[in-house]
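There are 2 protein chains.
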Amino acid sequence: MTLIAEPKSMQFEQPLPLRSGASVRGYDLAYETYGTLNADKSNAVLVCHALNASHHVAGVYPGQDNSEGWWDTMIGPGKPVDTDRFFVIGVNNLGSCFGSTGPMHRNPDTGKVYGADFPVVTVEDWVDAQARLLDRLGIAQLAAVMGGSLGGMQALSWTLQYPDRVRHAAVIASAPNLTAENIAFNEVARRAIVTDPDFHGGHFYEHGVVPQRGLRIARMIGHITYLSDDVMNEKFGRQLRSGLDIRYTTQDIEFQIESYLRYQGDKFSEYFDANTYLLITRALDYFDPASRHDGNLSKALAAATARFLLVSFTTDWRFSPKRSREIVKALLENRRNCSYAEIDAPHGHDAFLLDDPRYMSVVRAWFDRIAAEFQA
Amino acid sequence: MTLIAEPKSMQFEQPLPLRSGASVRGYDLAYETYGTLNADKSNAVLVCHALNASHHVAGVYPGQDNSEGWWDTMIGPGKPVDTDRFFVIGVNNLGSCFGSTGPMHRNPDTGKVYGADFPVVTVEDWVDAQARLLDRLGIAQLAAVMGGSLGGMQALSWTLQYPDRVRHAAVIASAPNLTAENIAFNEVARRAIVTDPDFHGGHFYEHGVVPQRGLRIARMIGHITYLSDDVMNEKFGRQLRSGLDIRYTTQDIEFQIESYLRYQGDKFSEYFDANTYLLITRALDYFDPASRHDGNLSKALAAATARFLLVSFTTDWRFSPKRSREIVKALLENRRNCSYAEIDAPHGHDAFLLDDPRYMSVVRAWFDRIAAEFQA
Numbered sequence: 001m002t003l004i005a006e007p008k009s010m011q012f013e014q015p016l017p018l019r020s021g022a023s024v025r026g027y028d029l030a031y032e033t034y035g036t037l038n039a040d041k042s043n044a045v046l047v048c049h050a051l052n053a054s055h056h057v058a059g060v061y062p063g064q065d066n067s068e069g070w071w072d073t074m075i076g077p078g079k080p081v082d083t084d085r086f087f088v089i090g091v092n093n094l095g096s097c098f099g100s101t102g103p104m105h106r107n108p109d110t111g112k113v114y115g116a117d118f119p120v121v122t123v124e125d126w127v128d129a130q131a132r133l134l135d136r137l138g139i140a141q142l143a144a145v146m147g148g149s150l151g152g153m154q155a156l157s158w159t160l161q162y163p164d165r166v167r168h169a170a171v172i173a174s175a176p177n178l179t180a181e182n183i184a185f186n187e188v189a190r191r192a193i194v195t196d197p198d199f200h201g202g203h204f205y206e207h208g209v210v211p212q213r214g215l216r217i218a219r220m221i222g223h224i225t226y227l228s229d230d231v232m233n234e235k236f237g238r239q240l241r242s243g244l245d246i247r248y249t250t251q252d253i254e255f256q257i258e259s260y261l262r263y264q265g266d267k268f269s270e271y272f273d274a275n276t277y278l279l280i281t282r283a284l285d286y287f288d289p290a291s292r293h294d295g296n297l298s299k300a301l302a303a304a305t306a307r308f309l310l311v312s313f314t315t316d317w318r319f320s321p322k323r324s325r326e327i328v329k330a331l332l333e334n335r336r337n338c339s340y341a342e343i344d345a346p347h348g349h350d351a352f353l354l355d356d357p358r359y360m361s362v363v364r365a366w367f368d369r370i371a372a373e374f375q376a
Numbered sequence: 001m002t003l004i005a006e007p008k009s010m011q012f013e014q015p016l017p018l019r020s021g022a023s024v025r026g027y028d029l030a031y032e033t034y035g036t037l038n039a040d041k042s043n044a045v046l047v048c049h050a051l052n053a054s055h056h057v058a059g060v061y062p063g064q065d066n067s068e069g070w071w072d073t074m075i076g077p078g079k080p081v082d083t084d085r086f087f088v089i090g091v092n093n094l095g096s097c098f099g100s101t102g103p104m105h106r107n108p109d110t111g112k113v114y115g116a117d118f119p120v121v122t123v124e125d126w127v128d129a130q131a132r133l134l135d136r137l138g139i140a141q142l143a144a145v146m147g148g149s150l151g152g153m154q155a156l157s158w159t160l161q162y163p164d165r166v167r168h169a170a171v172i173a174s175a176p177n178l179t180a181e182n183i184a185f186n187e188v189a190r191r192a193i194v195t196d197p198d199f200h201g202g203h204f205y206e207h208g209v210v211p212q213r214g215l216r217i218a219r220m221i222g223h224i225t226y227l228s229d230d231v232m233n234e235k236f237g238r239q240l241r242s243g244l245d246i247r248y249t250t251q252d253i254e255f256q257i258e259s260y261l262r263y264q265g266d267k268f269s270e271y272f273d274a275n276t277y278l279l280i281t282r283a284l285d286y287f288d289p290a291s292r293h294d295g296n297l298s299k300a301l302a303a304a305t306a307r308f309l310l311v312s313f314t315t316d317w318r319f320s321p322k323r324s325r326e327i328v329k330a331l332l333e334n335r336r337n338c339s340y341a342e343i344d345a346p347h348g349h350d351a352f353l354l355d356d357p358r359y360m361s362v363v364r365a366w367f368d369r370i371a372a373e374f375q376a
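As they're listed, the protein sequences go chains B and D. This note's numbering numbers the first residue of the first sequence as 1 and each following residue consecutively. This note's numbering numbers the first residue of the second sequence as 1 and each following residue consecutively.
Just so you know, these hints were derived from the structure itself, not from any lab. Treat the hints with care, since some could be wrong.
To be verified - Distance condition first, Cα-Cα at most 16 Å in a straight line; then the derived EDC-like pairs of lysine to aspartate or glutamate:
id	chain 1	residue 1	chain 2	residue 2
1	D	Lys322	B	Asp230
2	B	Lys322	D	Asp344
3	D	Lys322	D	Asp344
4	D	Lys322	B	Asp288
5	B	Lys329	B	Glu342
6	B	Lys41	B	Asp84
7	D	Lys299	D	Glu333
8	B	Lys299	B	Asp288
9	B	Lys322	D	Asp230
Said to hold, decoys possible - Pulled from the structure, derived: some chain B residues nowhere near chain D, Cβ distances all over 12 Å:
id	residue
10	Asp65
11	Thr122
12	Phe185
13	Arg190
14	Lys267
15	Asp344
Where is the CB? At the ideal position from N, CA and C, for every residue including glycine.
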């Protein structure tokens with residue numbers, strides 16, 4: 001049965017204080033829900049998104065081809081996160097560009113488009129905003145919070161900021177913080193955007209332009225880091241675009257991998273907001289719960305009481321299994337309940353979005369146990 | 001004793017036919033030599049350079065601080081490649097921007113600066129040009145050819161193009177071709193340069209500008225791939241530039257790694273030529289001796305008769321040990337003489353330029369054996 005998705009929006013008048021000291025007020029959060037909240041409101045699952053995703057987690061929009069949600073393989077009727085049993089909530093984060101209030105919207109205090117003046121948001125701020133949405137939906141406690149990559153950071157942060165409101169947390173292809181190399185890739189992407197003459201210091205909207213050059217480069221860099229060397233070799237290898245002959249050109253496309261990357265860059269530059277890219281990569285850079293505990297992750301995670309599922313993928317070099325194991329180790333040091341699966345998948349970081357049967361069955365089994373709790 | 005370097009230049013009137021079908025004429029090659037060519041001219045060692053290097057391989061320029069050659073740890077009196085015994089030649093490749101004829105020079109046929117019209121050069125073309133230089137220096141056969149990274153590709157190509165002219169070849173931190181991921185990184189860097197409005201289709205010289213934005217991004221990407229994740233974490237980790245406090249900014253520097261990368265990008269953009277960057281990365285992309293043998297590297301290397309030294313570094317993810325082992329395997333399949341050292345070094349691809357004692361002693365022992373041959 002096809003799951004039909006319906007985008008909704010919730011407005012929040014009260015200012016949300018941010019970690020930076022700034023605050024936002026009069027903001028909207030775009031969200032979607034799937035399934036039915038049960039009578040005692042114990043079956044809610046919040047799904048947190050990563051860089052290039054939104055509240056449209058699962059299902060399709062009626063009459064729109066290819067409108068499947070970004071985690072539609074994972075979430076839906078009869079799927080690992082079964083919407084026949086769970087009430088699933090997807091929410092677009094503050095500062096994003098897919099419906100929630102972000103840099104493209106007007107600051108109610110000034111009447112002007114935020115642009116680069118949209119306040120810097122952190123993973124912790126997003127979790128606070130999500131908690132307010134749950135308040136409004138009347139959900140005191142989540143059966144589970146889940147997310148991959150940056151979404152996994154939000155799931156982890158939920159267990160630290162609101163331990164009483166989360167019974168389970170699935171942290172997938174994630175990390176307790178970014179490495180220097182991760183930050184470095186983010187920084188190059190940001191520099192490409194910021195130094196694009198069409199960026200205009202982040203106020204390009206009023207100039208009627210978009211820093212597409214910078215966005216293309218940012219996306220190309222990102223894409224390389226999402227894939228594994230292996231899968232790139234398998235999919236593209238050294239295949240030439242024009243068949244067998246080298247054309248001896250430095251500016252035109254010669255290899256298929258170039259064609260693929262340019263296409264991805266072009267597509268992204270047409271819909272993604274440059275200021276959002278800066279905000280979201282910065283939220284990634286800043287996330288580091290151990291930093292408030294002298295770098296001791298075990299101390300940082302002592303606050304968590306949820307039961308955890310950690311999943312990593314062998315060829316993911318952006319958020320390698322080693323990083324997930326750091327979280328597992330810190331949880332075990334706190335004698336927390338934690339399941340961990342390291343999935344042997346060739347697809348690099350992207351694997352968390354794909355339909356790997358072992359991965360799906362691990363998540364399915366974990367959610368089956370959760371369902372058994374509230375159905376008991 | 002300090003080795004004093006003296007840059008020289010040799011002009012070549014006769015056109016050099018290139019793999020692309022084009023040719024260059026009236027070109028100069030900048031070069032340096034160290035040590036003394038022996039009576040029977042049997043002690044010559046040619047050193048091939050990688051992307052961001054030149055003919056200035058060893059020694060210093062009198063009166064110039066910090067003017068050591070890029071492989072000064074490796075080459076000089078009493079060093080692993082001992083200039084008291086060997087006559088070492090460094091040559092700047094055609095199309096580069098450090099003295100040899102390149103895009104910044106005038107095309108003698110048109111009287112105009114080449115710019116983006118400088119013909120595409122390949123590793124094979126460079127080797128041909130180097131062979132002509134040796135002809136002029138009266139050197140019929142090299143005791144050894146050596147190089148790291150792209151330089152290693154040239155050393156390997158020497159053994160295939162001119163097997164009778166090379167007794168030994170040291171191929172360090174190199175690969176039989178680039179992977180899709182390698183090409184992808186090169187392509188992003190090239191796109192950053194080409195889409196910089198100051199690039200002007202490669203004819204920026206006549207506009208009095210330089211595509212510095214693009215060059216900065218290109219260099220930042222390159223730099224990330226030269227280092228290992230480990231060494232980045234050790235050197236920079238998540239250290240903030242301003243001490244302990246996050247400043248909540250998306251455009252200003254927050255982490256030390258950002259400061260380092262921006263500095264490297266700025267420096268590079270002040271001296272490196274944008275068209276040269278395109279040409280050299282393309283030469284890297286194109287190199288693939290097996291492509292003329294249905295992808296069979298073993299068949300491709302059957303032409304080589306030299307004795308080989310292969311060296312790789314454990315944390316080098318740009319040209320990983322696996323790639324060097326492919327070359328070793330293909331050589332052994334041809335029953336060629338081949339020594340291979342996999343050096344456990346933390347520095348990533350950059351390790352080949354550094355003074356690691358195990359690495360140095362491997363190269364020293366190998367060159368000692370070569371010296372023993374012609375001194376016998």
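| request: Kindly indicate which numbered hints from before are broken by the structure, ordering the numbers from low to high. | output: Failing hints, ascending: 2, 4, 11, 12, 13.
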